[in-house]
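Student: Each chain, written out:
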Amino acid sequence: MIDQPQDDQFRPRGSVDTSSALLPYRGPWSPRLAAHLLRRAGFGGSPAEIDAAASAGMNAAVDGLLDPRPDPLPASPQGDLTYDPMAPPKQRRDAYLRAASWWLDRMLQTPNPLIERMTYFWHNHFTSGVQGGITPAMMVVQNRLFRANALGNYAYLTHQVARDPAMLLYLNGNQNRSQHPNENFARELMELFSLGVGNYTEQDVRESARAFTGWIVPRDGASANFVPRFHDAGSKTFLGHTGAFAGDDIIDIIMGQPATAQFMARKFLRNFVYDDPEQELVDATAGRFRDAKYDVAALLGTLLRSNVFYSDRAYRSIVKSPVDLVVGALRTIGVTTSTPRVIGAMNGMDQVLMRPPNVAGWPGGAQWLNQGTILARLNFLNQLVSFRAATPDMSTVSTGTSGPLAWIAGVSQTDAAAVAARVLDLTVQSDVTDEQRRSIVGFLTTDGVGNPVELNGENIDEKVRGAMSLAMALPAYQLE
Amino acid sequence: MSTRRQFIVQGIGAFGGALAVDSIFARAARAASQVTRAGASASRCLVVVNLQGGNDGLNTIVPHGDPAYYNVRPTINVGQSDVLAIDSSIGMNPKLASLKALYDRQRVAVLQGVHYPNYVLSHFRGTEIWQTAAPDSYDTTGWAGRYLDKAGLPADNLFKGVAIGPLLPKMLVADKTDVPAIGDLRGFRFNGRADEQAQADRILMGDGESYPFDSPYLQLVQEVERDARAASSKLPHLVAGYKPAVDYPKTPFAQGLNLVSAIINSDLGTKVFYVSIGSFDTHAAQRPRQDALLQQFGDGLKAFYDDLAAHNADDRVLTMTFSEFGRRVEENANRGTDHGTAAPMFVVGGGVKGGVYGDHPSLTDLDYGNLKWHTDFRSVYATVLEGWLDVPASVVLGDSFKSLNFI
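Chains U and R, in that order, give the protein sequences. My numbering numbers the first residue of the first sequence as 1 and each following residue consecutively. My numbering numbers the first residue of the second sequence as 1 and each following residue consecutively.
By construction, these hints were calculated from the structure, which means they are not laboratory data. From the three backbone atoms N, C-alpha and C, an ideal C-beta is built for every residue, glycine too. Be aware that one or more of the hints could be misleading.
Claimed, not checked - Here are the simulated SDA-like pairs of lysine to any residue, each with C-alpha atoms no more than 25 Å apart in a straight line:
1) U:K90 to R:L185
2) R:K250 to R:D201
3) U:K267 to R:D136
4) R:K150 to U:K90
5) R:K176 to U:E278
6) R:K372 to U:Q175
7) U:K267 to U:D291
8) R:K243 to R:K150
9) U:K90 to R:S122
10) U:K267 to U:R288
11) U:K90 to R:L167
12) U:K90 to R:P166
13) U:K90 to R:A292
14) R:K243 to R:D184
15) R:K176 to U:R288
16) U:K90 to R:A285
17) R:K353 to R:G241
18) U:K90 to R:F124
19) U:K90 to R:L121
20) U:K267 to U:R290
21) R:K150 to U:D8
22) U:K293 to U:G152
23) R:K176 to R:Q106
24) U:K267 to U:N199
25) R:K372 to U:N182
26) R:K176 to U:D80
What the hints assert, rightly or not - Here's a subset of chain R near chain U, in silico, CB distances under 10 Å, partners left out:
27) Y138
28) L168
29) L185
30) I203
31) L218
32) A292
33) K372
34) H374
Said to hold, decoys possible - Which bits of chain U does chain R cover? Going by a derived footprint, with three or more residues having C-beta under 8 Å, they are:
35) 315-323
36) 352-360
37) 426-435
With the hints as constraints, model all of the structure from the sequences given.
Tutor: This is how it looks when you write it as structure tokens:
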């Protein structure tokens, strides 16, 4: 049983007008809202992407996110990512790093940010992780399943997840035999993947576990096999229905329960709109999801065009996850390739992709924020923008042609106020207090002990890097 | 309900929007004076050691009097002549000689057969259960974090809890308390040039009203960042007066305990520390790996208590170990052991009634090859919370658990 905190600790101030919350937003459109859309529906926009979304208009920008373009990126990482159970740590680590870098690079380079965003959403919903016999190769198989169905149908994806090799190993489905049922998958399917706690009984767990018996994962882990003699073909009674159910029948019954749409609606709202959404907003969103027969693109289309999404209450109301922060920062400064160093830095922020802490996934929100993770976040950002090709210990991060002069392109290099404005626009869309803006200008116009300096060709590189580091240390930068 | 956010909003008011440069010194001094006023129990602290990876209990506290042990461990057993005998049935691994010396001075309680209900064999989940003290739910706070929130400690002390290591362990995640995680003193700092740092404090001074947007998380981010900057910039100065009285071994574990001693002896009012050592995940070639780690563990602990004794502080420091699980009774084909269940815990230091508590679990009456536990780990926590830290255990653990008598 899971305690689902239902309090409203981090609900935005004010109240929601449920009658209009999900209706299309018709207010003014701006670069600020375009950037908001790109942070939530992707991993943050580059300046060019924000400009494009701002001039396209809201509907066209959302259409573009929902309508995938051809994807030229590698569908799988290079090389063999399988290993046997006794493989040495270095081999496991290398395989893991290749898989995680491949995914991070996809996030950095994708023409379809919403698809990568939803791939991450499903990873944190239908959780599995590299451990024991679950190799990075299996996590890539699962990752591709999530990508292929990123904007597809939630019910269909649930059926596929029930026979996914990594999932079968992660929740002991491959040990679930007619003679010795293992309830782990059946329980988490209902508790965390669909109905939510309180909407089924222990008897339902036991009966449905029997229905999922019979799947095994062969050694290569590429796909699972159904073995009829391991399956319990007897009659089961589940949520008031009786029959010789198999796993797919159980999922069909789950998808017919109103609680499933409620549970998923809350999750979509927490990920895309704000934490601790009001029950009325959850109800309205669940209704839309049911009406759309669990079509994810339809639900996202509604949410990303909605009044509530563009309201002040939703704006910067979500704490960036480490992956949001890191990928967003790299995209902002024009870096398009990740490195093991980036993955190590994310570990310091308490997030290891493809290895969530437990089956409940990363809880997010306030749980991302403590002194250690903040230190890791700000030190990573500082190193990122301080990087110079000559700095040996950052040699694993490639900034390519990006750099301070590219970040302030088109701005007079001697105009401190203009440079500060560009840096603040690039990082936090100018969501700063007057005092913070003055601090950045002050940094650009003084030396380390407070004496005035003028920006010039000699100090501009160093000063812009410092200003970027300060701007990324602003509280607003941790929020999306 | 008191929440971290409410606390922070109130906290900002108390700071008045300006963080005086030396306010943290004043805070630490205030915390220390409160400690003195409140008497002996208030100056006590707890050090929790995570034997990370699943320590094999059978080769730690060895049932050398039981022939079944030598049957199930034909190649990786600790020989009868090597065991540091506690009595005719059990004894310590010979690499724990330093710990045995403390045991012989009545400073160590050995708690046998401890685990939690409905065991899982996952490192992650097992660790999380021990750290949240919540086997039946996925709690977002740790048990020690909840203690720090509820113990009525000075709200402005930045060091109520300290984790040694780069990551904050779940055990010290709290709703209202930000606990710093410190890898080592030199690494616990913000990067950046001096001119950046000078402005960095300034950009955190804004209050919520002057921002052009509102966010339910804005104050929280600002406060955590401000705490982290203050704690990291001040800690080296606060502990500068401490000099170790012994040479700590050069292992990460002992160096971590050295930092713990520095903080304890600088009277920062810290109530809970977390240190880890590992990995004890010995699926193959167990003996050399586990023996080396047990040696580091015992030697580190011995140096720590010798140092504390020299500073007249050993009576106010209690150390408790845990590991996510013990290991399978029968050894595997790779001279290692797979994930298992019950294992012994050690409680060391001030206030401990030395000795062995609870029977060694049977090696023949097993649960699918695993030891049957008899003592719920939350009983151990409850004993420490009530007997050492002076708080009602149910406030932290959400329920009542039988107290044991090792304190």
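Student: Indicate, hint by hint, whether the structure satisfies it.
Tutor: Hints, one by one, checked against the model:
Straight-line distance between C-alpha atoms of U:K90 and R:L185 comes to about 29 Å, which puts the hinted pair past the 25 Å bound. A threshold of 25 Å between alpha carbons decides the hint, and for R:K250 with R:D201 the separation of about 35 Å lies outside it, so the pair is violated. At most 25 Å may separate the alpha-carbon atoms for a hinted pair to count; U:K267 and R:D136 meet this at roughly 22 Å. The suggested pairing of R:K150 with U:K90 is violated, with an alpha-carbon distance near 43 Å, which exceeds 25 Å.
Under the criterion of a C-alpha separation no larger than 25 Å, the hint pairing R:K176 with U:E278 is consistent with the structure, at around 24 Å. For the proposed pair R:K372 and U:Q175, the alpha carbon gap of about 22 Å is at most 25 Å, so the pair holds. For the hint pairing U:K267 with U:D291, the CA-to-CA distance comes to about 17 Å; that is within 25 Å, so the pair holds. This hinted pair does not check out: R:K243 and R:K150 have alpha carbons roughly 33 Å apart, beyond 25 Å.
Distance check on the hinted pair: U:K90 and R:S122 sit about 21 Å apart at the alpha-carbon level, within 25 Å; holds. Restraint check for U:K267 and U:R288: satisfied, since their Cα atoms lie roughly 14 Å apart, inside the 25 Å limit. For a cut-off of 25 Å, the pair hint linking U:K90 to R:L167 stands: about 22 Å separates their Cα positions. A hinted pair counts as satisfied when its Cα atoms are at most 25 Å apart, and U:K90 with R:P166 qualifies at roughly 21 Å.
Using a Cα cut-off of 25 Å, the hinted pair U:K90 and R:A292 holds, with the two alpha carbons roughly 21 Å apart. For the given pair, R:K243 sits about 16 Å from R:D184 by alpha-carbon distance, which is consistent with the 25 Å threshold. Proximity of R:K176 to U:R288 is assessed by CA-CA distance (about 37 Å); at most 25 Å being required, the pair is judged violated. Taking the CA atoms of U:K90 and R:A285, the gap is near 17 Å; set against the 25 Å cutoff, the hint holds.
With a C-alpha separation of about 32 Å, the suggested pairing of R:K353 with R:G241 is violated against the 25 Å cut-off. Proposed proximity of U:K90 and R:F124 is supported: the alpha carbons are some 21 Å apart, at most 25 Å. A hinted pair counts as satisfied when its Cα atoms are at most 25 Å apart, and U:K90 with R:L121 qualifies at roughly 23 Å. A threshold of 25 Å between alpha carbons decides the hint, and for U:K267 with U:R290 the separation of about 15 Å falls inside it, so the pair holds.
Between the alpha carbons of R:K150 and U:D8 the distance comes to roughly 21 Å, so the proposed pair stays at or under 25 Å and holds. At roughly 11 Å between alpha-carbon atoms, U:K293 and U:G152 fall within 25 Å of each other, so this suggested pair holds. In summary, the hint linking R:K176 to R:Q106 is not supported, as the alpha carbons are separated by about 37 Å, beyond the 25 Å threshold. For the proposed pair U:K267 and U:N199, the alpha carbon gap of about 16 Å is at most 25 Å, so the pair holds.
Taken as a hint, the R:K372 and U:N182 pair is honoured in the structure, with Cα atoms around 20 Å apart against an allowance of 25 Å. Distance restraint check for R:K176 and U:D80: the Cα-Cα separation of roughly 46 Å exceeds the 25 Å cut-off, and the hinted pair is therefore not satisfied. For R:Y138, the suggested interface contact is upheld, since its CB lies about 4 Å from the closest CB of chain U, less than 10 Å. Given hint, R:L168 at the interface with chain U, holds; its Cβ is 5 Å from that chain's nearest Cβ, closer than 10 Å.
Given hint, R:L185 at the interface with chain U, is violated; its Cβ is 13 Å from that chain's nearest Cβ, farther than 10 Å. For R:I203, the suggested interface contact is upheld, since its CB lies about 5 Å from the closest CB of chain U, less than 10 Å. The criterion of a C-beta within 10 Å of any C-beta in chain U is met by R:L218, whose closest approach is roughly 6 Å, and the hint holds. Interface restraint check: R:A292 against chain U, minimum CB-CB distance 16 Å, threshold 10 Å, status violated.
Hint status for R:K372 relative to chain U: violated, with the closest Cβ pair at about 20 Å, above 10 Å. For R:H374, the interface hint is violated, since its Cβ never comes within 10 Å of a Cβ in chain U; the closest pair sits about 24 Å apart. Interface restraint, the stretch 315-323 of chain U with chain R: holds (5 residues with C-beta to C-beta distance below 8 Å; minimum three). Coverage of the stretch 352-360 of chain U by chain R holds. Counting CB-CB distances below 8 Å, 4 residues qualify, and the rule asks for three or more.
Figure legend: the stretch 426-435 of chain U, annotated as covered by chain R; annotation consistent (6 residues with Cβ-Cβ distances under 8 Å, at least 3 required).
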